[in-house]
Amino acid sequence: MMDKEELTQLGRTLSEVSEQYRQQMNELAKSLTEISQPIGTTIPAPLLDSISKIDWPKLLSQMDQSCERLADLGWALPMMFTLRELVELAEHGNTDQQIERYMLDFFTLEDGRSFMYLQRGALASANLVGWRALLEECFDAYDRGHYLVEIPALLSVVEGTMAQNAGKLNVAEVDPRKFAASLEKATQPGSIDFWIWRSVRIVLDKLFAPSGFGGPHPKKVNRHWILHGRDQTQWTQVDALRLFNLLATIS
12 MMDKEELTQL GRTLSEVSEQ YRQQMNELAK SLTEISQPIG TTIPAPLLDS
62 ISKIDWPKLL SQMDQSCERL ADLGWALPMM FTLRELVELA EHGNTDQQIE
112 RYMLDFFTLE DGRSFMYLQR GALASANLVG WRALLEECFD AYDRGHYLVE
162 IPALLSVVEG TMAQNAGKLN VAEVDPRKFA ASLEKATQPG SIDFWIWRSV
212 RIVLDKLFAP SGFGGPHPKK VNRHWILHGR DQTQWTQVDA LRLFNLLATI
262 S
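Residues 12 to 262 in my numbering are what the sequence shown spells out, letter by letter.
Since the hints were derived computationally from the structure, they do not count as laboratory data. Some clues are possibly wrong.
[Stated by the list, open to error] Pairs of lysine-lysine, BS3-like flavour, derived with a Cα cap of 30 Å:
| hint | residue 1 | residue 2 |
| --- | --- | --- |
| 1 | K217 | K231 |
| 2 | K231 | K189 |
| 3 | K231 | K196 |
[As the list claims (entries may be wrong)] Cβ pair distances, simulated, as ranges:
| hint | residue 1 | residue 2 | range |
| --- | --- | --- | --- |
| 4 | E184 | G225 | 19 to 29 Å |
| 5 | G223 | Y128 | 23 to 33 Å |
| 6 | G225 | D186 | 37 to 47 Å |
| 7 | V140 | G223 | 34 to 44 Å |
| 8 | Q108 | W236 | 18 to 28 Å |
| 9 | W236 | E121 | 28 to 38 Å |
| 10 | T93 | G156 | 22 to 32 Å |
Ideal Cβ positions, reconstructed from N, Cα and C, are used throughout, including at glycine.
Work out the full structure: start from the sequences and follow the hints.
Next up, the structure:
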């Protein structure tokens with residue numbers, strides 16, 4: 012497990028790479044043309060022109076907006092997302108309901124291709140090997156349309172994975188929210204890692220928010236209520252997808 016100084020240095024390195032990437036993309040038209048000449052192909056002029064004219068500050072702003080909006084609705088940044096999805100979600104006029112519909116479609120359309128990709132990655136992850144048998148049963152339940160049983164199971168895996176990432180799986184209690192916040196602070200704004208851990212931190216802030224049993228029922232899935240048996244099991248397919256996606260992101 013890397014310490015804070017190592018995480019900070021990693022964040023700086025990733026940010027430098029990201030900045031170099033943005034600068035290099037402005038020269039991509041010329042590079043693509045030069046590369047294509049030896050094999051006798053030509054890159055279409057409209058494509059070259061569009062690439063060279065990309066407004067990178069605007070694009071990065073849209074990506075930031077999408078990550079914030081998704082996280083506020085309980086979605087960590089999906090590892091399968093492309094720039095196209097992020098830009099589409101940043102468009103003005105998208106309501107919360109439309110975004111939720113977008114995310115459901117993303118994981119279920121095309122015969123659930125994106126979800127199957129997530130499933131393969133989770134089951135193959137070395138970070139999740141200790142929970143693989145449980146995850147296999149969770150995925151099996153999901154395939155059968157049983158969206159309740161995996162909610163408490165996945166919450167326990169999320170909590171365990173965060174403890175493992177902190178290097179304290181068998182040592183001490185870990186606050187997933189504080190750990191995610193420390194990872195966010197250790198990354199450079201504008202880097203991919205920053206967006207990932209910001210989204211995870213926002214999601215975990217809501218998921219692990221203190222909520223007394225004598226107070227009102229939480230409007231969103233709440234770990235405290237669920238794992239202490241106080242919730243009413245009115246969870247949905249989208250709730251299950253949120254947790255599967257969160258787990259895939261943090262692992």
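V140 versus G223 beta-carbon gap, inside 34 to 44 Å or not: With a Cβ separation near 36 Å, V140 and G223 satisfy 34 to 44 Å, so the hint holds.
Range hint compliance [Cβ, T93 to G156, 22 to 32 Å]: holds, 29 Å
Hint consistency between K231 and K196 [alpha-carbon to alpha-carbon, up to 30 Å]: Holds, at roughly 26 Å.
Distance restraint hint 19 to 29 Å, applied to the beta-carbon atoms of E184 and G225: Taking Cβ atoms as reference, E184 and G225 lie about 24 Å apart, which means the hint holds.
Status of the given 37 to 47 Å range, CB of D186 versus CB of G225: Roughly 23 Å apart at Cβ, these two residues miss the hinted range, so it is violated.
Proposed proximity, K189 with K231 (alpha carbon, max 30 Å): holds, 20 Å
Restraint status (C-alpha distance of K217 to K231 at most 30 Å): With a Cα-Cα distance of about 8 Å, the restraint between K217 and K231 holds, given a limit of 30 Å.
Beta-carbon spacing of W236 to E121 - inside the hinted bounds 28 to 38 Å or not: holds, 35 Å
Beta-carbon spacing of G223 to Y128 - inside the hinted bounds 23 to 33 Å or not: violated, 39 Å
Status of the given 18 to 28 Å range, CB of W236 versus CB of Q108: The hinted range 18 to 28 Å holds for Q108 and W236, with Cβ atoms some 24 Å apart.
Hint violations for this structure: numbers 5 and 6, all remaining hints satisfied.
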